[in-house]
Amino acid sequence: MFYSPGCAACEDRQSELRAAAQEAVGGIEWRNVNVLENMDAAVELGVITLPAILIDGEVVFTSLPTKAQLRKALTERSGARN
Amino acid sequence: MITIGKLAGLTSVSNDTLRYYEAEGLISPAGKSPAGYRLYGPDSARRIHFIKHAQQCGFTLAEIRELLDVRSSDKACCGDVRTRAIEKKLQIESKIRAMKAMSKALDQLISECANEKRPVEECTIIAALERANGSKRVQ
Chain A
1 MFYSPGCAAC EDRQSELRAA AQEAVGGIEW RNVNVLENMD AAVELGVITL PAILIDGEVV
61 FTSLPTKAQL RKALTERSGA RN
Chain B
1 MITIGKLAGL TSVSNDTLRY YEAEGLISPA GKSPAGYRLY GPDSARRIHF IKHAQQCGFT
61 LAEIRELLDV RSSDKACCGD VRTRAIEKKL QIESKIRAMK AMSKALDQLI SECANEKRPV
121 EECTIIAALE RANGSKRVQ
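These protein sequences, in sequence, are chains A and B.
Going letter by letter, the first sequence gives residues 1 to 82 in this note's numbering.
Going letter by letter, the second sequence gives residues 1 to 139 in this note's numbering.
Bound-form chain B, shown alone (with noise of 0.2 angstroms):
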């Protein structure tokens, strides 16, 4: 059994992130010291990694928990954690077209305002995103 500082000093993880995972129901203590502070088991660094692999990945904290559910049902099986993980690229996938989007209409606002020197209440730019009817553009 360790401590929160053992166990943020494994994982490099702060203690203020250990407690929020742990509000967050992701992890749990497995006891308490006799001065009260709390212990965790052998596989609390293992989890903790799984977590923040899952962040990198994209999941968030509430998927993750659902991850941790499955990682630990009898009667899940891979094809359940790889849907879900289509399902995470299609929603990157989702992002990054939405971004890039959003990317083309900067692009096209930089190429219209060209020169920077006007003040700014000629600013090409400041009036494609005022203009009611420029919303089209900008998405």
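If we strip away everything but chain A, and leave its shape as in the complex, we get (with noise of 0.2 angstroms):
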């Protein structure tokens, strides 16, 4: 997840949507980017807004989810991969 320093809502909802990931998917990796020690790869990956959540290097919310709509998107993902 790309976000900004000082993003409450980001902090407030990062720990419950990392555990729906982590129930979503075992074995997840979760990792919580600081945008601007990260601008070249936010660029790069295509972040415009913030809090952007990225799944396999790709952006898919552009906001934060609910946790279902995270789930749903794991496991879809994870579903097509196997």
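Hints listed in this document are in silico derivations from the structure and should not be mistaken for laboratory results.
Please read these numbers as outputs of a predicted model, since none were measured by experiment.
Think of the CB as a built atom: it goes at the ideal place given N, C-alpha and C, for glycine as much as any other residue.
Some clues are possibly wrong.
Taking beta-carbon pairs under 10 angstroms as the criterion, some of the chain A residues facing chain B (in silico) [unchecked claim]:
no. : residue
1   : Ser4
2   : Cys7
3   : Ala8
4   : Ala19
5   : Ala20
6   : Val35
7   : Leu36
8   : Met39
9   : Asp40
10  : Ala42
11  : Glu44
12  : Gly46
13  : Val47
14  : Ile48
15  : Pro51
16  : Leu54
Both chains come to you apart, so use the hints to assemble them.
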């Protein structure tokens, strides 16, 4: 998840979304990325709004999703890969 | 209270632009004179300067309207504005990257067209742009 420091909503919801992701797909690696320290990577990956959630390097959510939306996106991708 | 002409003079913005800002919901007159002319309050010039500075930083009028709403909101904090500024920087950086790629593609086309005296039907730039698979190179 790309976030901007000081984003209260990101801090509040990050841990519950991370838990939902790990519940949906076992062994998933969740990374919080400070956009200010990784501006080039963010631009390279097409991040233009914050917070943004990427799955396998692709921007999937341009704002914070619900837990259900995140679970659905992850399980769909995990299913497609298997 | 000042007239639109006076406000335009104070802010170096034309009357037409001020009317456009009004149509876009960025400013509104505080009232009208007995003759029906728009009259603006003392905060208007400051608001116009805010709009101009935000435009210079790349914000669109719609985004500036949001910034003005945030500015006058009791619930908003600096972090809300900062996130918008970071998002704008991301958009600008993305555009710079795209434009650099365009510039590089043009460099290639220019270098391939070494003989400028050739007739236009033999122009390698025209030919490259017309090639169906040339889009890869131009991107």
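Now the hints, each set against the structure:
1. The criterion of a C-beta within 10 angstroms of any C-beta in chain B is met by Ser4 (chain A), whose closest approach is roughly 5 angstroms, and the hint holds.
2. A least Cβ separation of about 6 angstroms between Cys7 (chain A) and chain B falls short of the 10 angstroms threshold, and the interface hint therefore holds.
3. Proximity of Ala8 (chain A) to chain B holds as hinted, the smallest CB-CB distance being about 6 angstroms (cut-off 10 angstroms).
4. Taking 10 angstroms as the C-beta cut-off, the interface hint given for Ala19 (chain A) is violated, the closest approach to chain B being about 24 angstroms.
5. Violation of the interface hint for Ala20 (chain A) is found here, the shortest Cβ-Cβ separation to chain B being roughly 23 angstroms, above the 10 angstroms cut-off.
6. About 6 angstroms separates the beta-carbon of Val35 (chain A) from the nearest beta-carbon of chain B, less than 10 angstroms, and the hint is met.
7. Look at Leu36 (chain A): its Cβ gets to within about 7 angstroms of chain B, closer than 10 angstroms, so that hint holds up.
8. Look at Met39 (chain A): its Cβ gets to within about 6 angstroms of chain B, closer than 10 angstroms, so that hint holds up.
9. Proximity of Asp40 (chain A) to chain B holds as hinted, the smallest CB-CB distance being about 8 angstroms (cut-off 10 angstroms).
10. Nearest Cβ of chain B to the Cβ of Ala42 (chain A): about 6 angstroms, under the 10 angstroms cut. The hint holds.
11. Hint status for Glu44 (chain A): holds, given a least beta-carbon distance of 8 angstroms to chain B, under 10 angstroms.
12. Evaluation of the Gly46 (chain A) hint against chain B yields a held restraint, the C-beta minimum of about 7 angstroms falling below 10 angstroms.
13. Interface restraint check for Val47 (chain A): the shortest CB-CB distance to chain B comes to about 6 angstroms, inside 10 angstroms, so the restraint holds.
14. For Ile48 (chain A), the shortest C-beta to C-beta distance to chain B is roughly 5 angstroms, which falls under 10 angstroms, so the interface hint holds.
15. Among the interface hints, the one on Pro51 (chain A) holds; its C-beta lies about 9 angstroms from the nearest C-beta in chain B, closer than the 10 angstroms criterion.
16. Contact between Leu54 (chain A) and chain B, as hinted, is not supported at the beta carbon level, the nearest pair being about 14 angstroms apart and thus beyond 10 angstroms.
Hints 4, 5, 16, counting from the list given before, are not met by this structure.
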